[in-house]
Amino acid sequence: MKHTLVEKIFGNKVGHEVKPGDIITVPVDWCMVDDIMAKFCIGKFEEMGFTKVYDPEKIVLIYDHFLPSTQADDTVAFHAGDAFAEKYGIKNVHRTDGICHQLMTEAGYVKPGDIAFGTDSHTVTYGCVGAFSTGIGYTEMAGILGTGEIWIKVPETIKVQIEGKLNEGVTSKDVILRIIGDLTASGATYQALEFCGSTVSDMSVASRMTMTNMAVEAGAKCGICIPDEKTAEYCNIPYDEKIKNLCPDEGASYSKVLTYKAEDFVPVMACPSLVDNIHPVSELKGTKVDEVFLGSCTNGRLEDLQAAAAVLKGRKKAPHVQFIVTPASRKVYKEALNDGTLEILSKAGAIITTPGCGLCCGRAGGVLTDDEVVVATNNRNFLGRMGTSKVKIYLASPVMAAKAALFGEITE
Amino acid sequence: MSETFKAKIWKLDDDIDTDIVLPTEYLALKTVEDMKPYAFSPLRPELAAQIKPGDMIVAGKNFGCGSSREQAPEVVKALGVSCIVAQSFARIFFRNAINNGLLLIENPDLHDAVKEGDEALVTPGEKIVVNGKEFPIASLPENLMEILNAGGLVKAMRKRNGLD
Amino acid sequence: MGMTMAEKIIALAAGIEKTKAGDIETVTLDRLMSNDGTTHLTIDMYNKLKNPHIADVEKLVWIVDHNIPSDSPKTAASHKKMRDFAAEHGITYYEGEGVCHQIMMENHVRPGELIFGADSHTCAYGALGAFGTGVGCTDYLYAMVTGTSWLLVPESLKFNLHGKLREGVYARDLILTIIGRIGANGANYKAMEFCGEGLATLSMADRISICNLCVEAGAKTALMEVDDVALDYLKAHGREPKAIVKSDPDAVYSETYDIDLNEIEPIVAKPHFVDNVVPAKECEGVKIDEAFLGSCNNGRIEDLRVGAEVIKGKKVAERVRFLVVPASRAVYEQAMKEGLLDIFLDAGAIIMNPNCSVCWGACQGVIGEGETLISTGTRNFKGRAGHKDSFVYLASAATVTASAIAGKITTADRV
Numbered sequence: 000m001k002h003t004l005v006e007k008i009f010g011n012k013v014g015h016e017v018k019p020g021d022i023i024t025v026p027v028d029w030c031m032v033d034d035i036m037a038k039f040c041i042g043k044f045e046e047m048g049f050t051k052v053y054d055p056e057k058i059v060l061i062y063d064h065f066l067p068s069t070q071a072d073d074t075v076a077f078h079a080g081d082a083f084a085e086k087y088g089i090k091n092v093h094r095t096d097g098i099c100h101q102l103m104t105e106a107g108y109v110k111p112g113d114i115a116f117g118t119d120s121h122t123v124t125y126g127c128v129g130a131f132s133t134g135i136g137y138t139e140m141a142g143i144l145g146t147g148e149i150w151i152k153v154p155e156t157i158k159v160q161i162e163g164k165l166n167e168g169v170t171s172k173d174v175i176l177r178i179i180g181d182l183t184a185s186g187a188t189y190q191a192l193e194f195c196g197s198t199v200s201d202m203s204v205a206s207r208m209t210m211t212n213m214a215v216e217a218g219a220k221c222g223i224c225i226p227d228e229k230t231a232e233y234c235n236i237p238y239d240e241k242i243k244n245l246c247p248d249e250g251a252s253y254s255k256v257l258t259y260k261a262e263d264f265v266p267v268m269a270c271p272s273l274v275d276n277i278h279p280v281s282e283l284k285g286t287k288v289d290e291v292f293l294g295s296c297t298n299g300r301l302e303d304l305q306a307a308a309a310v311l312k313g314r315k316k317a318p319h320v321q322f323i324v325t326p327a328s329r330k331v332y333k334e335a336l337n338d339g340t341l342e343i344l345s346k347a348g349a350i351i352t353t354p355g356c357g358l359c360c361g362r363a364g365g366v367l368t369d370d371e372v373v374v375a376t377n378n379r380n381f382l383g384r385m386g387t388s389k390v391k392i393y394l395a396s397p398v399m400a401a402k403a404a405l406f407g408e409i410t411e
Numbered sequence: 000m001s002e003t004f005k006a007k008i009w010k011l012d013d014d015i016d017t018d019i020v021l022p023t024e025y026l027a028l029k030t031v032e033d034m035k036p037y038a039f040s041p042l043r044p045e046l047a048a049q050i051k052p053g054d055m056i057v058a059g060k061n062f063g064c065g066s067s068r069e070q071a072p073e074v075v076k077a078l079g080v081s082c083i084v085a086q087s088f089a090r091i092f093f094r095n096a097i098n099n100g101l102l103l104i105e106n107p108d109l110h111d112a113v114k115e116g117d118e119a120l121v122t123p124g125e126k127i128v129v130n131g132k133e134f135p136i137a138s139l140p141e142n143l144m145e146i147l148n149a150g151g152l153v154k155a156m157r158k159r160n161g162l163d
Numbered sequence: 000m001g002m003t004m005a006e007k008i009i010a011l012a013a014g015i016e017k018t019k020a021g022d023i024e025t026v027t028l029d030r031l032m033s034n035d036g037t038t039h040l041t042i043d044m045y046n047k048l049k050n051p052h053i054a055d056v057e058k059l060v061w062i063v064d065h066n067i068p069s070d071s072p073k074t075a076a077s078h079k080k081m082r083d084f085a086a087e088h089g090i091t092y093y094e095g096e097g098v099c100h101q102i103m104m105e106n107h108v109r110p111g112e113l114i115f116g117a118d119s120h121t122c123a124y125g126a127l128g129a130f131g132t133g134v135g136c137t138d139y140l141y142a143m144v145t146g147t148s149w150l151l152v153p154e155s156l157k158f159n160l161h162g163k164l165r166e167g168v169y170a171r172d173l174i175l176t177i178i179g180r181i182g183a184n185g186a187n188y189k190a191m192e193f194c195g196e197g198l199a200t201l202s203m204a205d206r207i208s209i210c211n212l213c214v215e216a217g218a219k220t221a222l223m224e225v226d227d228v229a230l231d232y233l234k235a236h237g238r239e240p241k242a243i244v245k246s247d248p249d250a251v252y253s254e255t256y257d258i259d260l261n262e263i264e265p266i267v268a269k270p271h272f273v274d275n276v277v278p279a280k281e282c283e284g285v286k287i288d289e290a291f292l293g294s295c296n297n298g299r300i301e302d303l304r305v306g307a308e309v310i311k312g313k314k315v316a317e318r319v320r321f322l323v324v325p326a327s328r329a330v331y332e333q334a335m336k337e338g339l340l341d342i343f344l345d346a347g348a349i350i351m352n353p354n355c356s357v358c359w360g361a362c363q364g365v366i367g368e369g370e371t372l373i374s375t376g377t378r379n380f381k382g383r384a385g386h387k388d389s390f391v392y393l394a395s396a397a398t399v400t401a402s403a404i405a406g407k408i409t410t411a412d413r414v
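Going down the list, the sequences are from chains A, B and C.
The first sequence begins at 0 in numbering that gives the first Met the number 0 and counts up by one.
The second sequence begins at 0 in numbering that gives the first Met the number 0 and counts up by one.
The third sequence begins at 0 in numbering that gives the first Met the number 0 and counts up by one.
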């Protein structure tokens with residue numbers, strides 16, 4: 000039988016062939032617990048009666064939503080996490096290093112072929128290195144922490160094949176937004192999205208992360224890219240037979256195949272207040288903007304900051320616009336500092352915040368009020384996500400975000 | 000889980016995301032009880048106070064899309080909602096609801112056939128009757144029924160750990 | 000009878016030859032600073048006036064620094080109100096550029112000016128020989144609409160500084176020592192004037208830090224003689240003095256203190272009062288959860304250099320959050336250029352955008368129940384930094400950084 004990439008990963012792990020629809024119990028390579036869910040997850044873990052975690056080495060605690068803390072109760076999460084880590088011998092705790100989904104691959108945890116679960120929906124990001132990863136609730140996570148396994152229904156796979164070279168100014172963000180628009184916000188529910196083709200191969204791992212990160216916005220169980228030499232380099236592992244075998248079989252069966260020509264993609268934005276409400280930027284130009292947010296696990300990486308800096312070099316943001324830049328991690332911050340990117344952005348008038356979830360989780364980092372418009376590079380524009388329900392959120396690429404900051408309105 | 004019950008319908012549309020079910024700013028509140036007043040607040044701030052225990056929610060497609068925040072189904076359960084019937088559910092919400100013992104039912108037709116305030120007779124795994132019209136519903140896969148029957152995942156795990 | 004600096008500046012602003020402590024004078028303000036702590040309230044009152052107008056828009060400087068970036072729709076609405084009003088009336092406006100007093104020192108304050116700020120730490124401007132004082136938004140509104148206000152001419156306390164601070168001892172230690180000596184209300188309604196040959200040894204950063212904290216002794220304002228250090232700073236920032244005033248030799252002071260800088264040692268102000276000061280070594284070992292290097296008091300490049308020097312090659316203690324917050328964009332970019340941000344990043348510090356941060360206790364780095372913060376901020380009042388049951392110790396940049404490394408209060412010579 001021929002298999003898609005996700006079927007292969009599961010098959011490798013359980014030691015027998017699997018097909019879509021099978022309900023299987025899989026061993027879990029990585030558990031990611033973020034600060035916002037830590038307290039609840041730990042509570043459930045203890046309520047379940049576990050006395051030890053299945054493997055402290057495979058558990059990663061990351062504080063990112065509540066950093067910097069803005070309410071007096073926020074730091075409770077840190078203490079809860081620290082106490083849990085101490086009690087059960089968990090050493091992988093990132094207290095001030097950046098966004099969880101950035102760190103899980105950047106800090107060397109998730110590798111090609113791994114199975115990872117996290118207490119946050121954007122856990123799907125790790126598919127960028129050819130791993131299966133998905134978000135779950137804290138009760139299920141508590142179960143995994145105790146048992147090291149979880150049941151899962153093997154998903155059908157939608158193949159997204161993109162061939163050719165993207166036009167100048169078009170990024171992987173435009174690609175994934177367009178795909179979500181075509182699939183709709185529920186079009187991939189319960190299914191895997193497999194991204195392939197020469198366009199995806201040409202992308203950096205960072206660009207692929209943007210795509211897999213947003214797979215969940217089409218409802219997908221996971222998004223995944225085929226690991227290659229770039230992946231191996233990014234993960235700091237040899238590009239060997241094991242990785243080479245992590246690719247879908249010729250003739251594997253898909254529930255759907257979407258085929259795109261790279262040249263057909265144009266800059267787009269997801270308009271208020273649905274992620275699948277996609278329009279070309281050409282239709283939106285002239286829309287006045289109050290704030291621009293460059294950051295998040297979707298687009299807060301070095302190449303994203305560099306893309307914005309290329310637009311803004313030697314120029315100043317529009318006077319009335321708040322331009323907020325939140326690097327995805329300490330490492331990204333440092334690299335952007337050392338290559339001059341942050342200096343360009345600062346001189347352009349950006350407010351450069353500490354790495355973390357920032358505005359994307361709507362608790363700080365530039366929350367807005369009624370009738371304000373924000374162009375943001377993150378993954379969700381739901382009603383009320385960044386302030387009141389009258390805030391209008393447009394999701395865009397770093398290039399389009401930088402242009403909006405520069406001109407104070409959406410600009411092609 | 001198979002006894003028939005009566006429920007008043009609250010109607011919502013497509014793509015009810017988890018930020019609508021419970022906005023991020025309330026996630027740091029100490030208990031789910033504290034969060035209850037803010038359920039659905041971005042869309043219908045008055046709704047949480049109007050929902051009475053035993054009522055049901057009927058929605059369109061993709062209910063619960065977005066975040067993995069389990070406080071979303073927990074808060075709905077805490078409001079006393081007996082079940083949610085939607086054309087489809089987002090997957091994380093679906094798992095979270097089952098794990099917390101909140102009954103979810105998929106049905107393609109009910110949403111367009113009823114109005115808010117209608118009363119429904121629900122027989123899980125079998126049918127829903129509204130205004131004299133019958134809507135057949137499927138039963139859940141066996142492994143999910145096991146969790147539901149145990150009263151949620153926590154209880155299932157306690158049993159596994161020899162505690163109950 | 001001669002006049003003090005405070006009397007002279009008020010006389011200048013009142014357009015009169017002479018005045019003395021205890022008189023009430025009507026003054027024309029040179030500058031009016033307001034920040035996002037209260038400006039939205041000022042605007043609300045302004046809009047309720049019968050014939051609202053601004054006396055001289057050129058004198059107004061509005062600065063968003065307390066909650067930036069915004070952390071709630073309510074804050075965002077306050078900012079929007081301020082931003083829109085400033086744009087409509089052509090008011091000089093800064094948003095996210097840094098802490099208000101630092102922005103004022105870098106860009107606006109001139110020796111001899113009389114400045115109202117809708118913030119208590121406006122007394123910082125004395126470092127440039129300007130009379131800065133904090134007012135509430137009603138006073139601010141009156142001054143904004145009429146261009147004038149009334150002022151009770153303060154008595155002055157004179158602080159004669161002698162000698163030089165020892166290595167490892169900072170201006171922060173000096174001013175905490177002084178506040179400890181005279182008490183939190185020891186300078187109520189009064190001006191604190193600093194002079195003497197020891198002043199010349201203090202940098203502008205030191206001077207701002209000293210004047211800034213005088214309000215914690217209750218002072219109406221703080222003033223320092225304008226010397227070459229001040230004039231060089233002014234020149235480097237492209238400004239000229241309004242007037243350089245010096246106290247007359249026969250000016251009257253309600254009290255004169257002689258301070259030997261050589262005797263000052265590292266100091267910590269313990270919870271929950273700024274005058275609750277003890278030698279830092281007496282707090283040695285107090286466990287901390289967070290450390291804060293920043294604020295209008297100690298967020299300047301000189302302070303960051305001190306912190307970087309202490310922490311270079313070392314790490315922040317595992318469970319400590321070490322917030323490093325440059326006081327302005329200029330400071331941020333300078334720190335970037337000098338490689339200081341790199342040092343802090345490697346050490347595990349949290350570098351934030353220039354703002355008031357946890358000194359204000361409502362936006363970034365708020366501490367929780369039972370937590371302890373050591374801070375270069377201005378106040379350690381109960382609940383100031385977050386939860387009502389939390390603890391704030393105030394100390395110098397060196398002591399704060401050393402404590403961040405140790406995970407407990409300690410001094411820089413011990414890490």
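Hints were generated in silico from the structure; no laboratory data involved.
Just so you know, these numbers come straight off a predicted model, no measurement behind them.
Incorrect hints may appear among the rest.
Mimicking BS3-like on lysine-lysine, the simulated pairs with C-alpha atoms at most 25 Å apart in a straight line are [unchecked claim]:
1) LYS90(A) x LYS387(C)
2) LYS86(A) x LYS29(B)
3) LYS154(B) x LYS389(A)
4) LYS12(A) x LYS51(A)
5) LYS38(A) x LYS51(B)
6) LYS315(A) x LYS163(C)
7) LYS387(C) x LYS29(B)
8) LYS19(C) x LYS284(A)
9) LYS79(C) x LYS391(A)
10) LYS286(C) x LYS38(A)
11) LYS152(A) x LYS154(B)
12) LYS286(C) x LYS333(A)
13) LYS86(A) x LYS79(C)
14) LYS154(B) x LYS51(A)
15) LYS90(A) x LYS79(C)
Hints not upheld, ascending by number: Per hint list: 1, 3, 5, 6, 8, 12, 13, 15 violated.
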